[in-house]
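Q: Model the full assembly from the supplied sequences, consistent with the hints where possible.
Under the numbering used here, think of the first position of the sequence shown as 1, with each following residue one higher.
Calculated from the structure, these hints are not laboratory results.
A portion of the hints provided could be inaccurate.
Capping the alpha-carbon separation at 30 Å, the derived lysine-lysine pairs in DSS-like fashion look like this [as the list claims (entries may be wrong)]:
(1) 983 x 1050
(2) 804 x 740
(3) 429 x 60
(4) 385 x 335
(5) 559 x 507
(6) 782 x 378
(7) 251 x 331
(8) 764 x 378
(9) 251 x 851
(10) 848 x 983
(11) 740 x 846
(12) 1131 x 953
(13) 429 x 275
(14) 251 x 114
(15) 953 x 507
(16) 554 x 568
(17) 189 x 335
(18) 292 x 278
(19) 251 x 277
(20) 953 x 171
(21) 1050 x 1006
Only a predicted model underlies this, so the values are computations on that prediction, with no experimental measurement involved.
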Amino acid sequence: MNELRTQKNIEQALKDFQRGVLAMNAENLLNTLGYESEITMDFESSLAEEFISYFDEFGKLNPERAMVDDWESIDFLFQLTEQEISGSGQMRIAFNNKQIDNTIIESYVFFALKLRESSYTRTQLSNITREINKLMPMPAMILFQHGQTVTLAVINRRLHKRDESKDVLEKVTLVKDIDSHDPHPAHIKILFDLSRNELFRVHGFSNFVELHRAWAKTLDIQELNKQFYRELSNWYFWAVENVTFPEDAGKNVDIRNATSIIRLITRLIFVWFVKEKKLVPDTFFNPREIEKILISTDPQESTYYKGILQNLFFATLNQEMNTAEKSDNRKFRGKGRQHYNITSLYRYEEYFANSDEALRHFETIPFLNGGLFECLDKKDKDDPKKILRIDGFSDRADNQLSVPNFLFFAEEMEVDLNKVYDTKGKRHKVRGLIGILHGYKFTITENTPIEEEVALDPELLGKVFENLLAAYNPETGATARKQTGSFYTPREIVNYMVDESLIAHLKSELVTYYESESTFAATNPPSQLDIKGQSDPVQTQLDPQATTLTDEQKSDIEKKLRHLIAYKEEPHQFDADETEQLIKAIDTLKILDPACGSGAFPMGILHKLVFILGKLDPRNDQWRQRQIVKVENLINVAEGIEDSTVRENTIRDLETEIDSINEAFERNELDYGRKLYLIENCIYGVDIQPVAVQIAKLRFFISLVVDQRIDDAQENRGVRPLPNLETKFVSGNTLISVEKPVQQTLRNPEIDRKETALSEVRRKHFTARTPRTKEKYRDLDKQIRAEIGQLLKSGGFPSETTEKIANWDPYNQNAVADFFDAEWMFGITDGFDVVIGNPPYVRQEKIKGLKPTLKKQYTCYTGAADLYVYFYERGLQLLNTGGVHTFICSNSWLDVNYGAPLQKYLLDNTAGAVICHSEAEREFENADINTIVSIFQNGPPDADSYLRFLTFKTFIGDPDIENRRERTRTYTELAQAGTREKKYTGDKWGGKYLRAPDIYWTILEKGKDKLVGLGDIAEVRRGFTTGANEFFYLDAERIQEWGIESEYLKPVIKSPRECKSIRVDPSQLQFKLLMCHADRAALAGTAALAYIEWGESQGYHQRPSCKGRPRWWDLGKQPAFDWLILRFRDKRNWTPINETPSLLAGDVVFTATLHNRDTIQSANVVANSTLAVLVSEIYGRVNLGDGLLTTYGPDILSFDFISPDWIDAQSSESLHRAFEPMKQRPVLSIFDEIHQSDRHALDAIIFDALGLTQGERDGVSEA
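A: Below, the structure written as structure tokens:
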């Protein structure tokens, strides 16, 4: 009852915004939510000028980004602190002010801002919010009023990790466009969930940080998506049991119903998104209005689906609007066989109370095209007189279709879904689909990492498919999500993979551009911004004779590219020539997702490329011109056509295309032209499931609709019909290529001419707007395919191949090609620049029928390999040389035996790679697999090719270098490590390089009371950093030359190579360190002073490290130490022991001084056990090349040692006896050490103390 009362109060508070003063209404709404405070400020006016004069003392606000000219008024409402929260109302909360997870929030401030216009984009409101937050030391929440709508903007703030005094502005979350006249129930529910009492009931909080987290959790779009998915999931499984679709839609009734309901859901949700653009009236989704339109709405009948939805899908959105010239485009089909199977005409006329009135309801809906709403009922190619009914759009009496009205409008009820969910005795709630959709707020714009609306965005379509609609495997019909192998890739992972792929490709393009120039100026990233926030780049000139960039120059390019793709406000750092090259590179980019599913990666690519183009070419000047130039080039070619009629018609059509290009840019938002031509030229997808391809195309359609400007005065309401994507996203088996003859010396030139003609037909079909025009180009496509098939057959192609090629119909949305050929399907002959995706995870037991073909076509074939393995090799086959291959998939191949052939293939056929792994989380929360992200560059390897293994402690892509572990191995090293008896048999890439071995965790568990970190038992310091090693390190020859007194010289370890045994022998050290603490006066007349003065003549005293000392030659004192901790280790891995108090250590090592001197003998042994070697391998990093394992301070402190205190007297004596000869002999390679008898004796005592079994002991050595 309290919940209902509060929601009613919220609704009334929202309606109050229709009248009265904004500040009072805003404060009243916040008070209703439980937030009030007396901490406020009075201003003379609510004008923007006064706000700016008070808050913007230092000119931080960007008036243009803040849209200050649109501010009608701005009011400071109040400041909310812990005191106000704990002191107001009936609920008192004991807050404690503390910093948690780098976040400190001491208060909120609330502003109410009234804008002059009625509508603003999410980005505009987010930018205003960020600009205002620049001026505040605490988070500023903004309540906007624009027209009759209200928007609440919430920003996330955290302490800057490098400068604790600075905040970093992060994501803005919006509860957007709340209608004050008629608030949406979903908006009321969101605000109720944000109310103070409800937040405390659900989350509880004891400080302001936790309050802020509760806000963030409540506003988390993922939670909203999960809630919607649960409801839709129940409805889906309820619906498939209550529908009947035509038998032609599939022999298996479960699969038939499942796939048909999938189409229904996706089409309807698309319409729901389009409804947000006011392109489809709410009338069709209002039960009361439907009762007026239809004669009957009996729950058991199917009048709503047939009469409303099918007519909306097939005869409205897929049919041109009526015009003065064509007034009967939209009409009911004639009686009898008139208009038979013309599926773009209305049906079920008898269902409507008034058919003319019904047509008027449909008439304002624009024609959208795009193929999404083409009816799938088609003529049987084997029997043209027969119609294959898939959708069942027919008013014949024998139509089998049944989708009862109750599935759309039923009130909430309980149904038994225990069999579906494998539960017992549980009742599941369902309600009509229209009621479900009405219960949520939808936004047509996909969210980004920096701005998010609390509403369901188009990405939802992907999640619905991957999580729910894959419940039935199209091949087996098994009701099990795991069977399909489809898992939706989270947006954060998609963003990371897209970013890394684009950086790799664009970097390669820029490097190629630079190296093809005889001279150029490379603009380095700015070291800082000037006082106005403008970049101040440093110009560096490349040697005119140089043809290859240095690693440093390539690194600079990458840094600038990372700056470009980052969501930052700063301008990009490229000059005009570089910018032009980048736009060209984007325009010619070809990207393929070979298992595109619902389009997560293609959409991710699209969004990022649009963002980059927006930075590089804000007004689309270059981007538009590049599209026009392409057509102008075709005009130049057409002018050479001999037939004057054909020539004139062709040129006229091409000139019309130029007009169409200009119209696309001029009549729509800036992003529309970017998206349209990126989709046309750059992005491709393949999937074995036709419905997946349909959903992928649907998401692209939505992304285009969002940027169209509605103009009712223009034809089709100003809506440019959507492009036809049948030759951009196809349904086929990516893994199966067609058999082709060995490349012939002379290829029939007629084939090239026909392929060029086919490409031109498909290019024109992409933008064909009318059903008649589309049909014309489809017929031409079919004709040319047949002609090419004959030419290929006569040219030596196998008959099976030519038949496949000729019979493949890209426009048949029901068909799945049993092969994939990039040249034939997409016109791509030179390979793709990027192949990216999430290949299906299907175990090898499920692909037995496919194995003979896979064995024939794939080098990496092994009978035990899961399906995704072959996608690796196939993806590389589809790339051009230098192309980028980016996958997220199971990590099994890194370690299991069947991964060995793939490892070998990758080492032989790629030029470099990165493999990423997260220790903290699974990327797929519902999948029982662990995953990695891999990025490979296609091309032959060279001597410098290497593979980076990145382990993230948090999430993949975490930019904080402290949260990642990196190991690098050259291809040569990886090949050697995996080779046994001259054959590559595989290596533990995952275990050795990404993750610690299992035995390590066993040791941690068994020794949890006995293990201590090195930092707990010793003081660890870095060796001397001299700042001038060539001066301070003196060998015997230099000492003799200068005659420096021995009192100023101390033995020093300059390199671990000087240490041959575990015990450091000073006699083997080659250098002495100048250790002189005396001043000049005390040194008068000494050789040491003469040497120092000579050093000054060489300028050593001016070096930074030296210059900062009181006496530049005085290095200070180094405490005595017990151990050397090696920073760099090669094949030998040990802990040198120091028994010489005067010994010093250089900066290539760390030193360790034990706290408890009584246990030093036992500690020396523990530090040189095989367990200590294993720990160093786990904590060390391989990131300097040359096979060196490197260890850093933070890593060293975490080294796990068995505490010397746990070594009893008897064991200690045994350890000493075993260790005494061992510390005198030379230290061997670790691979030889593990076979030494003295080490075995020593390790046995350590392993006894840990309680390890024999198998576990062997595991330590094997690891």
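Q: Each of the hints needs a verdict: does it hold here or not?
A: Quick rundown of the hints versus the structure:
{"no.": "1", "hint": "983 x 1050", "result": "51 Å, violated"}
{"no.": "2", "hint": "804 x 740", "result": "12 Å, holds"}
{"no.": "3", "hint": "429 x 60", "result": "53 Å, violated"}
{"no.": "4", "hint": "385 x 335", "result": "19 Å, holds"}
{"no.": "5", "hint": "559 x 507", "result": "10 Å, holds"}
{"no.": "6", "hint": "782 x 378", "result": "16 Å, holds"}
{"no.": "7", "hint": "251 x 331", "result": "34 Å, violated"}
{"no.": "8", "hint": "764 x 378", "result": "23 Å, holds"}
{"no.": "9", "hint": "251 x 851", "result": "26 Å, holds"}
{"no.": "10", "hint": "848 x 983", "result": "27 Å, holds"}
{"no.": "11", "hint": "740 x 846", "result": "28 Å, holds"}
{"no.": "12", "hint": "1131 x 953", "result": "27 Å, holds"}
{"no.": "13", "hint": "429 x 275", "result": "27 Å, holds"}
{"no.": "14", "hint": "251 x 114", "result": "59 Å, violated"}
{"no.": "15", "hint": "953 x 507", "result": "27 Å, holds"}
{"no.": "16", "hint": "554 x 568", "result": "22 Å, holds"}
{"no.": "17", "hint": "189 x 335", "result": "49 Å, violated"}
{"no.": "18", "hint": "292 x 278", "result": "21 Å, holds"}
{"no.": "19", "hint": "251 x 277", "result": "39 Å, violated"}
{"no.": "20", "hint": "953 x 171", "result": "23 Å, holds"}
{"no.": "21", "hint": "1050 x 1006", "result": "44 Å, violated"}
Checked against the numbered hints above, the structure breaks hints 1, 3, 7, 14, 17, 19, 21 and satisfies the rest.
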